[in-house]
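Asker: Spelled out, the chains give:
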Amino acid sequence: MSKIGETLDDLKLIVQLYLAKRHESADDGFDHSVIAHGRGGLRSGKISELTVIAPLREGGAERLRRILEIAKGNLGGATLVGTVHDLRFVFLDNDTKVLFCTAFDGEWDHYIEDFATKIPEMMDLLFDNIEGWPGIKSATVKDFILKYQIPASGWYVAYPHLTVNDVLRNDVIVKGVNKAIDDAQVIRR
Amino acid sequence: MSSLLQRLFHLSKVNIELDDIQAVILRNRPIPYFGTNALLHFESAAAGRELIKKLLPLITSAEDWHQAEDASATIAFTFEGLRILRLPDASLDSFPESFREGMAKRAVKLNDVDEHAPEHWQKPFGTGQIHAAVNIIADTHEKWQHALEKAKAELGLLGGVTLLHQADFAATEEAKNVFGYRDGISNPTIEGSGVDEVPGFGKPIKAGEFILGYPGESGAIGKFPDPELLGKNGTFLVFRKYHSNVYLFNKFLKDNANTDYEQELLAAKMFGRWRSGAPLTLTPEKDDHEIGADAHRNNNFSYEEDELGKTVPLSCHMRRMNPRDTKQSVMSDVNLHRIIRKGVSYGSAPHKDAVIDDGEQRGLYFIAISAKAMDTVEHLQSQWVNEGNFINHGDEKDPIIGLNQGKGLFTVPGAGERRRYHAIETFNVMQGGEYFFLPGLRALKWMSEL
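Protein sequences appear in the order of chains A and B.
Read left to right, the first sequence gives residues 1 to 189 (the numbering used here).
Read left to right, the second sequence gives residues 1 to 450 (the numbering used here).
Bear in mind the hints are in silico, worked out from the structure with no lab data behind them.
Some clues are possibly wrong.
What the hints assert, rightly or not - Computed cross-link-like contacts, DSS-like style, restricted to lysine-lysine with a CA-CA straight-line distance of at most 30 Å:
| id | chain 1 | residue 1 | chain 2 | residue 2 |
| --- | --- | --- | --- | --- |
| 1 | B | 109 | A | 118 |
| 2 | A | 97 | A | 147 |
| 3 | A | 118 | B | 327 |
| 4 | B | 223 | A | 118 |
Model the full assembly from the supplied sequences, consistent with the hints where possible.
Answerer: In structure tokens:
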């Protein structure tokens with residue numbers, strides 16, 4: 001296709017997106033734009049994404065699947081970290097590879113060393129199923145993660161201005177205010 | 001402090017190569033002290049190597065570091081400096097990315113943006129012209145002058161080395177910064193350097209956090225530059241120059257508190273200590289000069305009884321920079337983010353009633369040492385200084401060194417009401433800085449003979 005053809009196609013897409021947004025989108029006043037940030041992934045406001053596709057060891061899928069089934073989503077280590085909005089594992093290509101996606105506050109490489117002293121067992125239990133995992137305490141673990149990282153091409157965050165702590169704090173405040181209002185309505189006679 | 005350390009020093013506990021480590025890493029500054037920071041440019045590899053050879057006899061090792069006596073010199077190099085010295089490519093490539101890029105290129109990571117951005121820095125910072133930094137410090141004016149003259153004479157005889165910038169500094173017995181506060185009280189103790197636990201200084205931290213080539217807190221030895229002769233016993237140093245708008249700080253206190261006592265209390269809540277250095281934890285109501293001056297007591301406290309920050313606000317400067325046993329809302333190992341601080345003040349300390357800019361240059365040379373000093377300072381700047389998330393304070397920044405730009409917020413929890421102070425200015429303005437590598441003594445000799 002010629003350069004001009006591409007440009008015309010681009011224009012068409014821009015017009016289509018504009019029309020779709022005009023009819024079917026809203027502005028909540030928050031800046032949802034994403035930027036390439038730090039080593040790897042995209043960032044939207046205070047939140048970053050990490051997407052990794054890595055090969056699994058022999059029997060790694062089975063082991064990891066079992067761990068995740070036992071946990072049923074209750075990954076207390078992630079709660080302890082305090083910055084993780086969500087994370088997921090997806091098995092690919094006949095259980096030979098795993099897709100790991102997560103959204104979190106700030107930058108992941110700031111805290112790798114903290115993971116290595118605070119939750120090393122949890123990290124290695126999950127990720128040692130990956131072929132060649134050097135161990136969370138290894139000096140090369142950041143490079144290993146980067147090797148399999150694929151930056152997202154598109155990503156949307158509903159509240160780019162709020163961290164996990166902000167969301168939880170706001171929740172406590174709203175509940176507390178409502179309780180105070182409820183308590184105030186009790187007839188004290 | 002040095003007498004305290006002399007008593008606590010045990011040769012049997014030494015398991016790091018003190019005789020190969022530059023003294024500055026472990027040696028406590030004499031008090032009072034007199035010193036000079038010099039920034040140098042090498043015109044050729046030969047000139048740089050010659051300078052190292054000439055300075056080597058002046059550079060003291062950390063052996064007997066607990067007895068700070070004579071004048072001592074320190075030398076450190078930027079990545080540009082190592083390149084000019086023509087270190088082998090394999091060596092150059094083995095340095096961490098942050099060091100190779102240099103501080104100016106790491107501006108976003110350091111939150112050095114807007115008025116703190118490299119384009120506003122004083123020359124020669126961030127220009128690539130700075131190749132080495134030399135520091136000379138002594139406990140008397142005479143010893144300092146003598147060592148300085150000696151170093152300058154050597155420099156004068158050499159062609160091809162340019163003195164880009166010279167800054168002299170000194171501190172009296174009170175070791176006060178330009179805001180009028182005793183500074184440099186708390187520093188980490190290093191395991192294997194031969195000390196017992198000092199009350200309040202926390203458990204000694206694994207040597208590998210501060211000196212390359214030893215196991216760190218995780219038990220593993222981190223990456224260090226190749227070959228081992230170059231990397232082992234070396235470390236990294238972060239240098240940042242700040243100008244202090246003390247008049248804005250004084251004005252903020254007067255605008256936000258009525259009586260002199262209330263102003264002093266608000267200021268103590270912002271720093272975490274009173275002017276004497278006495279920590280709020282030990283004396284919450286008023287300053288206590290005896291505690292402030294007593295090295296056995298002025299750092300001996302924890303936040304165990306103050307989880308909510310009703311005595312020492314979670315957001316104050318001291319508690320942010322060393323959270324000790326504070327319960328953090330982001331998982332973090334405080335021992336991984338400690339630095340050895342060797343900062344010095346420059347310029348005069350204005351009276352606390354001064355609320356108008358007198359145009360004088362004053363502030364702080366922030367000097368931090370750690371085996372991963374770049375990572376640590378980038379972490380401090382982005383997570384602990386210019387953020388509040390780790391203490392569940394939203395966007396709130398450090399009230400003293402945050403880039404607050406007149407929009408800063410500072411929360412002071414109290415017994416009853418919780419007060420929020422607004423419109424905090426940037427009290428310390430970044431003037432420029434560099435990342436340095438501080439090699440061991442054998443490495444210096446090797447570098448000079450390449």
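Asker: Confirm or reject each hint.
Answerer: Against the structure, the hints:
1. 109/B with 118/A: Answer holds: residue 109/B to residue 118/A is near 24 Å, not above 30 Å.
2. 97/A with 147/A: Roughly 14 Å separates the two Cα atoms, so the pair holds.
3. 118/A with 327/B: 14 Å, holds
4. 223/B with 118/A: This hinted pair holds, its Cα atoms lying about 20 Å apart.
Consistency note: the structure conflicts with none of the earlier hints.
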